[in-house]
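Asker: Going by our numbering, the sequence shown opens with residue 1, and the numbers climb by one from there.
Since the hints were made in silico from the structure, they are not lab data.
A few of these clues could be false.
Unchecked claim - Okay, derived cross-link-like pairs now, PhoX-like style, lysine-lysine, Cα gap no bigger than 20 Å in a straight line: (1) K44 - K17; (2) K101 - K131; (3) K138 - K50; (4) K50 - K101; (5) K128 - K138; (6) K128 - K101; (7) K67 - K17.
What the hints assert, rightly or not - If you anchor each label on the Cβ, the simulated ranges turn out as follows: (8) L194 - P75: 23 to 29 Å; (9) R33 - A277: 39 to 45 Å; (10) D35 - P75: 28 to 34 Å; (11) E263 - Y9: 23 to 29 Å; (12) L266 - I167: 53 to 59 Å; (13) I167 - Q262: 25 to 31 Å; (14) A136 - E258: 41 to 47 Å; (15) H95 - R34: 54 to 60 Å; (16) K131 - S278: 51 to 57 Å; (17) L194 - P24: 24 to 30 Å; (18) D92 - R33: 49 to 55 Å; (19) I167 - N72: 37 to 43 Å; (20) A106 - A282: 55 to 61 Å.
Quantities reported herein were computed from a predicted structural model and do not represent experimental measurements.
Quick reminder that beta carbons are idealized off the backbone N, C-alpha and C, glycines included.
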Amino acid sequence: WAFTGHCIYSNDCERWKTGCGNCPYPDSYPAIRRDATHWEHRLKQRAFEKSNIQVIAISRWMERLAKQSILNHLPIHHIPNGIDLDLFRPLDRSHCRAVLKLPHDARLILFAAADLHDPRKGGDLLEKALKALPDAAKVNTELLIMGGSDSSELEDLGMPVHSLGYIQDDLLKAQIYSAADVFAFPTRADNLPLVLQESMACGTPMVSFDIGGVSDLVRHATTGLLAQAEDAEEFARHLATLLGDEKQRMELSSSCREIAEQEYSLSLQATRYLDLASSLIAS
Numbered sequence: 001w002a003f004t005g006h007c008i009y010s011n012d013c014e015r016w017k018t019g020c021g022n023c024p025y026p027d028s029y030p031a032i033r034r035d036a037t038h039w040e041h042r043l044k045q046r047a048f049e050k051s052n053i054q055v056i057a058i059s060r061w062m063e064r065l066a067k068q069s070i071l072n073h074l075p076i077h078h079i080p081n082g083i084d085l086d087l088f089r090p091l092d093r094s095h096c097r098a099v100l101k102l103p104h105d106a107r108l109i110l111f112a113a114a115d116l117h118d119p120r121k122g123g124d125l126l127e128k129a130l131k132a133l134p135d136a137a138k139v140n141t142e143l144l145i146m147g148g149s150d151s152s153e154l155e156d157l158g159m160p161v162h163s164l165g166y167i168q169d170d171l172l173k174a175q176i177y178s179a180a181d182v183f184a185f186p187t188r189a190d191n192l193p194l195v196l197q198e199s200m201a202c203g204t205p206m207v208s209f210d211i212g213g214v215s216d217l218v219r220h221a222t223t224g225l226l227a228q229a230e231d232a233e234e235f236a237r238h239l240a241t242l243l244g245d246e247k248q249r250m251e252l253s254s255s256c257r258e259i260a261e262q263e264y265s266l267s268l269q270a271t272r273y274l275d276l277a278s279s280l281i282a283s
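Using the sequences and the hints, build the whole thing.
Answerer: Have a look at this one:
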């Protein structure tokens, strides 16, 4: 949003590189009644030209975009957000399933979104992917849904569905991630998704699309599997692969936790900010 004429996610539009105007997505959040995107872009550019600020991007993707934008004359740093690794950590799967009243022997796919109907979160893509799963992958496979809106459209997929509702308690979230075998994240646009960080910290392998900053977290064949954007069939193949290979899931799970500890601790985030502040004070 800092360098566009109005939108938070520009999708496939790159008009922010040339000054916006003639906006192709006036209804994207935050929606606009009239197209003043060129003027808003110019106002932002003038403000940044007079600013002495440091820019921090939380993903490599956002860092790349910022360097192509009206921010490109400013110092741009990459400092990802950290996560509480004592709270979000791998928990005993059997215990978590017992607490959540989930089947002990089923393979569980988890999907989460604050608003399940938000097109950006890709609920429709997940529906297509689950319908495209081979019959063998659907045997003894169930879906967990964590989110705050009606999930009825995902309940006719040929597998049992457990709708957990909107979860605020972080310990309960950690139990849900730990209970799942795979976390499915069919996003259309995201920066550094918190739910992926939470899943990674809990050691739950992920399947997502190679979009935005997702690849910072979902590292193909290391912490999960990545499909091409919008390709629900490839997404389904990746889900089937992980559901059918417990050894690979365990290997990815170990890598998830290891990378979370190495790169996404709160203490490391704090150290990076302190180092930046110290360098600015020194200069």
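Asker: Provide an ascending list of the numbers of those earlier hints which the structure does not satisfy.
Answerer: Structure breaks hints 2, 3, 4, 6, 12 and 14.
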